[in-house]
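A.B. asks: Take a look at the letters that make up each chain.
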Amino acid sequence: EAGVAQSPRYKIIEKRQSVAFWCNPISGHATLYWYQQILGQGPKLLIQFQNNGVVDDSQLPKDRFSAERLKGVDSTLKIQPAKLEDSAVYLCASSLTSGGQGTQYFGPGTRLTVL
Amino acid sequence: AQSVTQPDIHITVSEGASLELRCNYSYGATPYLFWYVQSPGQGLQLLLKYFSGDTLVQGIKGFEAEFKRSQSSFNLRKPSVHWSDAAEYFCAVVSSNTGKLIFGQGTTLQVKP
Chain F
1 EAGVAQSPRY KIIEKRQSVA FWCNPISGHA TLYWYQQILG QGPKLLIQFQ
51 NNGVVDDSQL PKDRFSAERL KGVDSTLKIQ PAKLEDSAVY LCASSLTSGG
101 QGTQYFGPGT RLTVL
Chain W
116 AQSVTQPDIH ITVSEGASLE LRCNYSYGAT PYLFWYVQSP GQGLQLLLKY
166 FSGDTLVQGI KGFEAEFKRS QSSFNLRKPS VHWSDAAEYF CAVVSSNTGK
216 LIFGQGTTLQ VKP
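Chains as they are written, first to last, in the numbering used here: chain F, 1 to 115; chain W, 116 to 228.
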C-alpha cells in the first residue's frame with residue numbers, strides 16, 4: 001500500500017513570495033490533515049479536511065495561508081505572501097476516519113526555508 | 116485545554132542500555148495516546164497507541180508504553196537500545212471528537228556506541 005505522498009520535498013523562497021505544497025493521501029482515506037512543524041517543536045495542526053469539507057482550520061493564518069482539497073482526494077496548501085517565520089516542515093497526514101481512533105499516517109514532509 | 120509535556124528535550128544513552136522517555140498529558144476525559152518517531156528528513160512513524168484496556172501496550176521495534184491514569188503519564192520504554200533508535204520521539208494526545216493530534220515538543224534520543 002502506497003503511503004502519503006508530498007511534493008516538493010524542499011523549497012527555498014524569499015519573503016513575500018508565494019509557495020504551494022501538494023499532498024496525495026493514502027487511497028480511501030477520507031480525512032486529511034496539514035501540520036506545521038517548526039524546528040525544535042512538535043507538529044501543530046493547521047487544517048483538517050473530511051472528504052472535501054473543512055473540519056478544523058482554527059490554527060490556520062487565513063490572511064496568508066489557504067488550503068483546498070478538490071474532489072476529496074489530493075490537497076494543496078498555499079502561502080502568499082511568505083514570512084520568515086513560515087520556515088518550517090509542512091507535514092501532510094491522512095486517516096481512514098476522523099474520530100480519535102483513526103490512526104494518522106504521515107508523509108515525508110516539505111521543508112520550507114524563507115530567506 | 117488539552118496538552119502534552121515531554122520533560123526531557125534531549126537524552127543520551129549507550130547502545131544496549133534501557134530507555135525510558137517521559138510523557139505527561141492534560142486531558143479531561145479518557146485520552147487516546149500515541150508515540151511517534153521521526154528520523155532525520157523523514158515523516159512521523161507510529162510506534163504505538165493506547166485507546167483503552169490493558170495499560171501496557173506493545174509497539175513496533177521493541178518499544179512499549181505504560182498508561183498511568185493516576186500520574187497522567189504515558190512513558191515509552193525499550194529494554195535495550197540500538198544505534199538505529201537515534202531519532203526524535205513525540206508523544207501525542209488526540210481529540211476524540213475531531214481526531215486532531217496534539218503533540219509534545221519532542222525528545223531527541225542520541226545513542227552512544
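By construction, these hints were calculated from the structure, which means they are not laboratory data. Hints may be right or wrong, so weigh each one.
[Said to hold, decoys possible] Each pair of labels, with its calculated beta carbon distance range:
1) F:Lys15 / W:Asp169: 31 to 39 angstroms
2) F:Gln59 / W:Leu161: 21 to 29 angstroms
3) W:Pro194 / F:Pro61: 37 to 45 angstroms
These numbers come from a predicted model, not from an experiment. Note that beta-carbon positions come from the ideal geometry of N, C-alpha and C, so glycine has one too.
A.B. asks: None of the hints should be skipped; say for each whether it holds.
C.D. replies: Hint-by-hint comparison with the structure:
1. F:Lys15 / W:Asp169: 31 to 39 angstroms: violated, 51 angstroms
2. F:Gln59 / W:Leu161: 21 to 29 angstroms: holds, 22 angstroms
3. W:Pro194 / F:Pro61: 37 to 45 angstroms: About 44 angstroms separates the Cβ atoms of proline 194 of chain W and proline 61 of chain F, which means 37 to 45 angstroms holds.
Violated hint for the displayed structure: number 1, the only one.
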